[in-house]
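Listed below, chain by chain, are the residues.
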Amino acid sequence: MRALVCGILAAGVALAQAEPDPVFTRANTAYAAGHFQQAIDGYQQLVQSHRWSASLFYNLGNAWYRAGDPGKALLNYERALALEPHHPEAAANLHLVRDQSRALELRPDRFEQYLAFANANQFAIAAAVAFWLTAFAAAAMVFAERRSAGKLAAVLLASAVCIFAAAASYAKETGPDGAGLAIVIKQNIQARVATADTSGSVLALPPGSEVKILSTRGDWSYVFLPNGARGWIPSGAAELVRL
Amino acid sequence: MSRLSFLSIVVISAVVLATTPAAFADEPSVTAVLDSSEAMVGQPVQLQIKVTGARSATMPEQIGVDGLDIRYSGESQSFEMQNFQTSYSVIYSYTIMPERAGTFRIPPQILRVAGKSLKTPELTLNVANGRGGGSARSGRAAPAVDPAKNAFLELVVAKTTAYVGEMIPAEIRLGFNTRTPAESLANGIDLTGQGFTTQKMRDPRQAIETVHGRSYQTFTFKTAISPVRAGKIDVGPIEAHPVVRVPQVNRNRPSIRDPFGLNDPFFDNFFNDPAFAPSMPRQINLKSEAATLEVKPLPPNAPPSFSGAVGNFSLTAEARPTTAKIGDPITVTVKISGRGNFDRVSAPVFENDSGWHKYPPSSQFVADDDVGISGTKTFETVLSANEAKDQLPTATFTYFDPLKEQYVTLRSDALHVRIEGGAPPPRATPAATATAARPAASPPTPAKQQDILYQLNELPARTEAFAPVWQRPAFWIAQVVPLLGLVGYFLWQWRKARRNNREARRLAALQHEAAQLQRDLQRPDASPREYLAGASRAVQLKAAAKTNIPAHAVDADVAANVFGVDEMTRNRLRELFARSDELRYSGGGNGSTAVSPEQRQEVLELLQQLR
Chain A
512 MRALVCGILA AGVALAQAEP DPVFTRANTA YAAGHFQQAI DGYQQLVQSH
562 RWSASLFYNL GNAWYRAGDP GKALLNYERA LALEPHHPEA AANLHLVRDQ
612 SRALELRPDR FEQYLAFANA NQFAIAAAVA FWLTAFAAAA MVFAERRSAG
662 KLAAVLLASA VCIFAAAASY AKETGPDGAG LAIVIKQNIQ ARVATADTSG
712 SVLALPPGSE VKILSTRGDW SYVFLPNGAR GWIPSGAAEL VRL
Chain B
9 MSRLSFLSIV VISAVVLATT PAAFADEPSV TAVLDSSEAM VGQPVQLQIK
59 VTGARSATMP EQIGVDGLDI RYSGESQSFE MQNFQTSYSV IYSYTIMPER
109 AGTFRIPPQI LRVAGKSLKT PELTLNVANG RGGGSARSGR AAPAVDPAKN
159 AFLELVVAKT TAYVGEMIPA EIRLGFNTRT PAESLANGID LTGQGFTTQK
209 MRDPRQAIET VHGRSYQTFT FKTAISPVRA GKIDVGPIEA HPVVRVPQVN
259 RNRPSIRDPF GLNDPFFDNF FNDPAFAPSM PRQINLKSEA ATLEVKPLPP
309 NAPPSFSGAV GNFSLTAEAR PTTAKIGDPI TVTVKISGRG NFDRVSAPVF
359 ENDSGWHKYP PSSQFVADDD VGISGTKTFE TVLSANEAKD QLPTATFTYF
409 DPLKEQYVTL RSDALHVRIE GGAPPPRATP AATATAARPA ASPPTPAKQQ
459 DILYQLNELP ARTEAFAPVW QRPAFWIAQV VPLLGLVGYF LWQWRKARRN
509 NREARRLAAL QHEAAQLQRD LQRPDASPRE YLAGASRAVQ LKAAAKTNIP
559 AHAVDADVAA NVFGVDEMTR NRLRELFARS DELRYSGGGN GSTAVSPEQR
609 QEVLELLQQL R
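Protein chains in written order, with my numbering: chain A, 512 to 754; chain B, 9 to 619.
Derived pair list, reagent style SDA-like, types lysine to any residue, alpha-carbon separation capped at 20 Å:
{"id": "1", "chain 1": "B", "residue 1": "Lys366", "chain 2": "A", "residue 2": "Ala740"}
{"id": "2", "chain 1": "B", "residue 1": "Lys366", "chain 2": "A", "residue 2": "Asp620"}
{"id": "3", "chain 1": "B", "residue 1": "Lys504", "chain 2": "A", "residue 2": "Ala648"}
{"id": "4", "chain 1": "B", "residue 1": "Lys397", "chain 2": "A", "residue 2": "Gln611"}
{"id": "5", "chain 1": "B", "residue 1": "Lys343", "chain 2": "B", "residue 2": "Ser371"}
{"id": "6", "chain 1": "B", "residue 1": "Lys366", "chain 2": "A", "residue 2": "Gly739"}
{"id": "7", "chain 1": "B", "residue 1": "Lys366", "chain 2": "A", "residue 2": "Gln701"}
{"id": "8", "chain 1": "A", "residue 1": "Lys662", "chain 2": "B", "residue 2": "Tyr497"}
{"id": "9", "chain 1": "B", "residue 1": "Lys343", "chain 2": "B", "residue 2": "Leu423"}
{"id": "10", "chain 1": "B", "residue 1": "Lys208", "chain 2": "A", "residue 2": "Val704"}
A few chain B residues facing chain A, derived, Cβ under 8 Å:
{"id": "11", "residue": "His365"}
{"id": "12", "residue": "Ile460"}
{"id": "13", "residue": "Leu461"}
{"id": "14", "residue": "Leu464"}
{"id": "15", "residue": "Phe474"}
{"id": "16", "residue": "Val477"}
If you're looking for bench data, these hints aren't it; they were derived computationally from the structure. All figures in this text were calculated on a predicted structure; none of them were measured in a lab. Glycine included, each C-beta is placed from N, C-alpha and C at the ideal position.
I would like the entire structure built from these sequences, with the hints used as guidance.
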């Protein structure tokens, strides 16, 4: 038994002190030397091998920024924040580059503003916990010889928390930070009223602007725009934040 | 005061409070509009000055423009309610009669409204010389109406030449001789064609006009045409199929008009009023003449901020609040007023907006006319400063002026604000904190330098996923734990209930048997053997009912311990069990044949003590 505990501890320490990934290190070295495209290639290699982390996307965003592509820089900062909502460096660089490129942000509605204190995953976990509390409290009430008002209140409260958390999780998932969030990565993109380059313009979208993809038809995507309107943009003009 | 009357007062007060002050809650405003910016000499044009938010205004006594005869022609009032917001407005109308050709500017007029001085915008009127100079129809005052016909349909397009995107007012006039009045306009009027778009037509304006000495009931539809391509564009012809009431005249038999059958025109003239004439509905086909527009393309080299607006506009801007801290929002309201294609009037561009964070603007358009080509479009943009500032960025708006035939860029006046630099912008905080806390791979960034932060050197061993937590298997596997707990809780409660049920049934059986024995022990005819056996069994049952000990395992000492009796009672129990065993195992009927009443009473008392 003692040997097993020692083995587990040793494995944990070894994992914690693992050698840094050579590809990541090489990419960082290239970045420091000013070879930004080389650094991008290295980071992209890790992205394609699904070694996703907030730090990786943050570094990749920095490399794209240095390479002169603020749209892709903002896309990767958003990805870093999607994985780790409180990543301080990614949040700082996101605001800075967004200001510089004059990218537009989606505005959350009033309900989403109230829910800013947590993300969809946290609300989902809260909903699951509240669900099981409701189930246990209801079971205890069913088997109890006397059903007190306190037990009934506990069931009602837990079920209310469960419903609220589930609704909040759904709202977050379908809101501006949800699954449909995409970033404009190309220059001179205009959201249009129809799926034609000659149709009227709804809004000019600088690179890095946020849009929410509602549907896709052929080479065009129907998107929700930062000014609250809707329009069509070429599908290749924006990339989803979630991979 | 009764409850009902109190509620009535509350409701009436709420309605009064909700409506009356709202009509005057907003600041009064004034707009002025011409019903057409193009006219010919002798062709009247209407000027309307609309005052909103007040019941009256002190109007200028005379509007003097050399070459234009401007006369006051009346006022009207309107009250509107939209989304529970009410507005009251007064419209002062003037008739302008051009006396000569040329471009005339009607200067801004100063109005006194509710103690304040308001100014109307400057208006421009182009007057052409003679017929056919500007309009696509041959004169407005004398429409091309065939006197022999009882109805006419005409299309009036204000200009014959225009630029792409320019809004050209157009009128469609439908006239019916009052002897054959219109019963219905069937499907109405539709102006469609290739190469232009039209504004939505409102309900027609009805009037009685005299044309060539005949009285006509006229319906005037107003719209505006906007060419979308350069070249020659045909507008119309328009077709309509209205239903009119045609008087019936039967000469073959006497009618109420001619009761004597004299065919005397006197009777027709006497009963000339169509209101009294018998009539029948008949659908007629009308077709207007077509109009032709020569459309010119917009000049090349448009400024980058040009978004397609064509017309004549003015721009005003204001900001609130004018004192704020870094990062606080300041709302900049830009109003673009005038006449033109407002659907292409986009948000103003801010020049020199370095150091400002700009949010997408909201816009609202309020039309001054029925067609929607004259009015004010208001943009509200929220700006927040990233650093100390004393002036807002300049709002600019570019449009093409078809009269000047050039692009015009409007700029807002300097908007002075005071941005205090006390609080740093919120988003700068994590950057500064992170810079201090972590070693930098790239050179450290000075506090004021607008540059991104350093690279991170550590890559976590654990990879992360974008999928929401409920799409991950681990989330659902984790739900198995509470599910098992819940199932275990159910099983435990079920077993507990079942066990309680078995124990209850055992107790019930014991109590039932004990009660039966208690009744038997009252009977006097039992033999001593049966009686004492029953008494000892009753003691066993009582002890078993109180504990989990089986009844057959209970003896005198066990029973005494179970009930915690004194020594004397214990001895009596021992004697009871001993005598019962003696009679049961001795094989004979020792003793008397019946139990004496004293003995029975003694046993019953002993059993009573066992509780």
